[in-house]
Amino acid sequence: MNDPARLQAFNRHVASGGKVEPGDWMPEEYRRAVGKFVEMHANSELMGVLPEREWILRAPTLRRKLALTAKVQDEVGHAQLLYRVAEDLGKPREAMLADLLAGKTKFHNVFHYPTRSWADVGIIAWLVDAAAIVAQQALRESSYAPYARTMKKICWEESVHILHGRDVVLTLVNGTARQRALVQDALDRWWGPLMQMHGPPTDPAKDRDLAWRIKTKDNETLRQEFLNVYVPRIREIGLEIPDPELGKDPETGRWHYTEPDWRELYAVVTGHGPKSAERLAFRQLNYGETQWVRDTVLHEPRAAA
Amino acid sequence: MSTEGEPMVGGPGAHVAEGGGPPMSLEIFEVFRQEKEGGPMVHGGSLLAPDGELAAHYARELYGRRQESVRLWVVKRSAIHDVTDPDLLQPPMDRSFKKPVGYSAGIKQKLAEARERAGGQE
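The listed protein sequences correspond, in order, to chains A and B. Under this note's numbering, the letters of the first sequence match residues 7 to 311, in that order. Under this note's numbering, the letters of the second sequence match residues -2 to 119, in that order.
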């Protein structure tokens, strides 16, 4: 039971940077909050491969095809690791997959959009993964130790994806005028979702996930970190960021920008994005087609007829 | 696995195998990995598997795909004795006599005095 003294001791422990292992006592609310957070992360890894998967067969060279296939395999591997962390907290994996397929649980906004050209693959691997790694690096300090350890491994793999994405983008901007235009077009379409990705600024004082150090940085801090590193990197290769309001305040060092469309973010993550239904339908189809594998692994062999 | 007929294809939401036996109990395995020969076995994470053989395959997929491990230990979680009792591990007694730090305070002065007493005889 949650007796107040025990709860207080727990809160002090995690607030001061203490860690929690699966077998340790934890308040039910903490268990549920970590589980929900990691489940959403796992969903995003699993759904996040679909926009890129569409380009495996159309990759321009064999090396690119191998790299993209490996990236897709990595992301599914991340989903495996994260579903394990989440299911260890109580909710079975089957239930998490069922809720994802039924649209009851969410995945990241950026995976609800179409990939229109090969340049999208570069922009996703470079910038979507970069925006994600800013958040993921902060999660290496999470109070839930198995999550923090898993994030160390994931960040290590993601850093390779960013290099792969940057290589794709640099190759295209050094190419023909048409290839360059493809990159600019992809950036124009992805900038809005990228700015929405970390979520609207929230009051850190009211965020329980922060108080428990399930995550260690608030939304706006993450967005500022992303902008600080990546705006110069985008501009130095001659790409134009489609936001006339974007700039850094020389006094405060903080970036100002056009208010992202939070209604679009909300609509997209609740399953009303341009590709939400199609991607979930594909996952459902895929889940059905692979049911025999789970049955084979998980059930006693049937007696020979 | 039976080779007769088509593999079962479940529709969305088909969670239970028709005519299948009861689900085998899955067990939790913890994975430890060694990055280079002679190095320590470091905890990587855990996985669910029906038996040790599949657990080893899953561990290889999850922790050895990039040549990042030279050895994996795959251990049933139930076989691990978790010892965290602070009375055993962090007793509130002065243990500094067991550590290098217990021999650092004043050591320079002691050495200087000893050298002085020796009067520079070499």
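Be aware that one or more of the hints could be misleading.
Here are the simulated DSS-like pairs of lysine-lysine, each with C-alpha atoms no more than 25 Å apart in a straight line [unchecked claim]:
#  : chain 1 : residue 1 : chain 2 : residue 2
1  : A       : K159      : B       : K105
2  : A       : K71       : A       : K281
3  : A       : K110      : A       : K97
4  : A       : K42       : A       : K254
5  : A       : K42       : A       : K159
6  : A       : K71       : A       : K159
7  : A       : K97       : A       : K158
8  : A       : K71       : A       : K112
9  : A       : K110      : A       : K281
10 : A       : K25       : B       : K73
11 : B       : K105      : A       : K158
12 : A       : K71       : A       : K25
13 : A       : K159      : B       : K33
14 : A       : K223      : A       : K159
15 : A       : K97       : B       : K73
16 : A       : K97       : A       : K42
17 : B       : K73       : A       : K158
18 : A       : K42       : A       : K281
Restraint-style ranges between C-beta atoms, simulated for each label pair [as the list claims (entries may be wrong)]:
#  : chain 1 : residue 1 : chain 2 : residue 2 : range
19 : B       : R74       : A       : A108      : 24 to 34 Å
20 : A       : E295      : B       : R68       : 44 to 54 Å
21 : A       : A104      : B       : W70       : 47 to 57 Å
For the record, the hints were derived by calculation from the structure and aren't laboratory data. Predicted model only: the values in this text are computed from it and were never measured. Even glycine gets a Cβ: it sits at the ideal position worked out from N, Cα and C.
Hints versus structure:
no.	hint	result
1	A:K159 with B:K105	44 Å, violated
2	A:K71 with A:K281	23 Å, holds
3	A:K110 with A:K97	14 Å, holds
4	A:K42 with A:K254	35 Å, violated
5	A:K42 with A:K159	21 Å, holds
6	A:K71 with A:K159	23 Å, holds
7	A:K97 with A:K158	23 Å, holds
8	A:K71 with A:K112	29 Å, violated
9	A:K110 with A:K281	16 Å, holds
10	A:K25 with B:K73	23 Å, holds
11	B:K105 with A:K158	42 Å, violated
12	A:K71 with A:K25	40 Å, violated
13	A:K159 with B:K33	16 Å, holds
14	A:K223 with A:K159	19 Å, holds
15	A:K97 with B:K73	20 Å, holds
16	A:K97 with A:K42	9 Å, holds
17	B:K73 with A:K158	23 Å, holds
18	A:K42 with A:K281	24 Å, holds
19	B:R74 with A:A108: 24 to 34 Å	31 Å, holds
20	A:E295 with B:R68: 44 to 54 Å	36 Å, violated
21	A:A104 with B:W70: 47 to 57 Å	33 Å, violated
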